[in-house]
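K.L.:
These are the residues of each chain, in order.
There are 2 protein chains.
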Amino acid sequence: MMTEQIHYAKGSEKPILPDDGKLRLYSMRFCPFAQRAHLILNAKNIPYHVININLHEKPEWYSEINPSGKVPALHLVNEPGSPFLSESLIITEYLDEKYSQNPVYPKEPVSKAMDKLWIEKFTPVIGAVVRILLGEEDSEKALNDITQTLSTFEGELKRRDTSYFGGEKPGILDYAIWPWFERLAAINSVVGDTFSLKEDTYPHLVKWRDLLLNDPAVQKHYLTPEDHSQFFESKRSGTPNFNLLVKNE
Amino acid sequence: MMTEQIHYAKGSEKPILPDDGKLRLYSMRFCPFAQRAHLILNAKNIPYHVININLHEKPEWYSEINPSGKVPALHLVNEPGSPFLSESLIITEYLDEKYSQNPVYPKEPVSKAMDKLWIEKFTPVIGAVVRILLGEEDSEKALNDITQTLSTFEGELKRRDTSYFGGEKPGILDYAIWPWFERLAAINSVVGDTFSLKEDTYPHLVKWRDLLLNDPAVQKHYLTPEDHSQFFESKRSGTPNFNLLVKNE
Chain A
1428 MMTEQIHYAK GSEKPILPDD GKLRLYSMRF CPFAQRAHLI LNAKNIPYHV
1478 ININLHEKPE WYSEINPSGK VPALHLVNEP GSPFLSESLI ITEYLDEKYS
1528 QNPVYPKEPV SKAMDKLWIE KFTPVIGAVV RILLGEEDSE KALNDITQTL
1578 STFEGELKRR DTSYFGGEKP GILDYAIWPW FERLAAINSV VGDTFSLKED
1628 TYPHLVKWRD LLLNDPAVQK HYLTPEDHSQ FFESKRSGTP NFNLLVKNE
Chain B
1428 MMTEQIHYAK GSEKPILPDD GKLRLYSMRF CPFAQRAHLI LNAKNIPYHV
1478 ININLHEKPE WYSEINPSGK VPALHLVNEP GSPFLSESLI ITEYLDEKYS
1528 QNPVYPKEPV SKAMDKLWIE KFTPVIGAVV RILLGEEDSE KALNDITQTL
1578 STFEGELKRR DTSYFGGEKP GILDYAIWPW FERLAAINSV VGDTFSLKED
1628 TYPHLVKWRD LLLNDPAVQK HYLTPEDHSQ FFESKRSGTP NFNLLVKNE
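Quick note, the sequences are listed as chains A and B, same order.
1428 is the number of the first residue of the first sequence in the numbering used here; add one for each residue after it.
1428 is the number of the first residue of the second sequence in the numbering used here; add one for each residue after it.
Do not take every clue at face value.
The list cannot tell twin chains apart, which means a pair is met if one copy fits it or any two copies do.
Stated by the list, open to error - Restricting the straight-line Cα-Cα distance to at most 27 Å, the calculated cross-link-like pairs of lysine-lysine (BS3-like) are:
1. Lys1437 to Lys1548
2. Lys1647 to Lys1625
3. Lys1548 to Lys1441
4. Lys1497 to Lys1548
5. Lys1534 to Lys1471
6. Lys1485 to Lys1548
7. Lys1525 to Lys1596
8. Lys1662 to Lys1674
9. Lys1647 to Lys1441
10. Lys1471 to Lys1596
11. Lys1449 to Lys1497
Think of the hints as simulated: they come from the structure by calculation, not from any bench.
Quantities reported herein were computed from a predicted structural model and do not represent experimental measurements.
Chain A with its partners taken away, still in its complex shape (with noise of 0.2 Å):
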């Protein structure tokens, strides 16, 4: 486990990174489309720094690194004029084209734009699982978009007769999706006994899943349950705690 990072908020000095040429990627620690560029970088053994924001209360000076305010935002300090990447797909798409080793996008330009096509697929997954840790909407019409496009993700994965759906290794489509496995898990806490990854169900789901949470990628950046439910828990409240894993604050 890494150690966890404060987050930079409004007020805060910008920090001073050392000149070594590192990527810097900015992120939250909770935000799965972060983790995307976290799952990428770490399957790819690419070192980099981590600049943690304050989503809620940001500070000053993030809006030049990335006026949109979103998190990640990748800063290419190798790269002539050192620009800013944002945009999640757009920089793990950039690191894979830039650093050869362990490739995550197929090489054959039709299984590439069908991955992408099937990252594409999961979107509806994303908004309710957002939805249902918000406590924002009717649980039960989210949790039908959710098992629907789980179901046609089952039979994708059954289909391709793989272990992952990039193959005998993940590829992106597989940590692509992953965040959202994370918080599907924090599901429960919320609406009550209301949805699992059965094996009844998605034999294969359950297998991959298992299989990704063994992932050193993965398990570089996992947060329990336990941890998805609390962040989610004081999102609700109002005041979003960014820094609730970080000890000796």
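Got chain A; can you put chain B on it based on the hints?
P.N.:
Same frame as chain A, now just chain B:
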């Protein structure tokens, strides 16, 4: 100019196409997202069939081709399993990777990522143009979204100091945003003389637009401001006239 083709509607028979190995693009003549696929196919001189879909009264068989019901969808008849691709930017990137002639995406990973980010930054215009042309909203706010975004693009084209965003030839960023420049030209017919791409405010974009108007890939799918306003007028009336350009119906 290509011959304009009718749009298949509810109740229509599924067309039988010649088994000639050509790609098949499911489109709609006035859809700006489908236009992106046309532009890249045209720019790369890839031969393809067009099947136009009436999006208001969809043919029953279209849900097998694209379950989301949207256009564009590209049938890859030569790939194993003959899959269908959807999502305009997934299609354009696939085409550029699969067909090496006349590349439209930058080769350098960082330039490619930045161009994708610029395409994302164009999003406010996409929403605003449609809201104005459909008469859905306070046009002042929408016009403001448009002018703010266009100023950013004016600045970026000036900074790049090239004729096109893609350099000395149009690239993906040029073609991905072009469809909305055709429609911007139709705005005055709806909200009166309140918007035009003026040379004193947007000198680089005006030159760029005039160059693109003469680009063969653009010309092959070009529609006049009058064509666009006529289509939006029919849309506002509740019955979009997809076949308004088809002769001898």
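K.L.:
How would you classify Lys1437 and Lys1548 at a CA-CA limit of 27 Å: within, between, both, or neither?
P.N.:
Close across copies (25 Å), not inside one copy (36 Å); limit 27 Å.
K.L.:
Regarding Lys1534 and Lys1471, is the shortest C-alpha distance of 27 Å or less found within a copy, between copies, in both, or in neither?
P.N.:
both (16 Å within a copy, 21 Å between copies)
K.L.:
At 27 Å max between alpha carbons, let me know whether Lys1449 reaches Lys1497 within a copy, between copies, both or neither.
P.N.:
within (21 Å within a copy, 42 Å between copies)
K.L.:
Within a copy, between copies, both or neither: which one fits Lys1471 and Lys1596 at a CA-CA cutoff of 27 Å?
P.N.:
within (12 Å within a copy, 35 Å between copies)
K.L.:
Is the C-alpha distance from Lys1647 to Lys1441 at most 27 Å within one copy, between copies, in both cases, or in neither?
P.N.:
within (26 Å within a copy, 51 Å between copies)
K.L.:
Are the CA atoms of Lys1647 and Lys1625 at most 27 Å apart within a copy, between copies, both, or neither?
P.N.:
Classified as within; 26 Å inside a copy, 53 Å across copies.
K.L.:
I want to check one pair: Lys1485 and Lys1548. Are their C-alpha atoms no more than 27 Å apart within a copy, between two copies, both, or neither?
P.N.:
between (31 Å within a copy, 21 Å between copies)
K.L.:
Quick one: Lys1548 to Lys1441, C-alpha cut-off 27 Å, is that within a copy, between copies, both, or neither?
P.N.:
Between copies only: 26 Å across, 38 Å inside.
K.L.:
Using 27 Å as the alpha-carbon threshold, which applies to Lys1497 and Lys1548: within, between, both, or neither?
P.N.:
Cα proximity of Lys1497 and Lys1548: in one copy and across copies (23 Å, 13 Å).
K.L.:
Checking Lys1662 and Lys1674: alpha-carbon separation at most 27 Å within a copy, between copies, both or neither?
P.N.:
Within. Shortest intra-copy distance 20 Å satisfies the 27 Å Cα cut-off; inter-copy 59 Å does not.
K.L.:
Between copies, within a copy, both or neither: which fits Lys1525 and Lys1596 at Cα up to 27 Å?
P.N.:
both (20 Å within a copy, 24 Å between copies)
Of the numbered hints stated above, none is contradicted by the structure.
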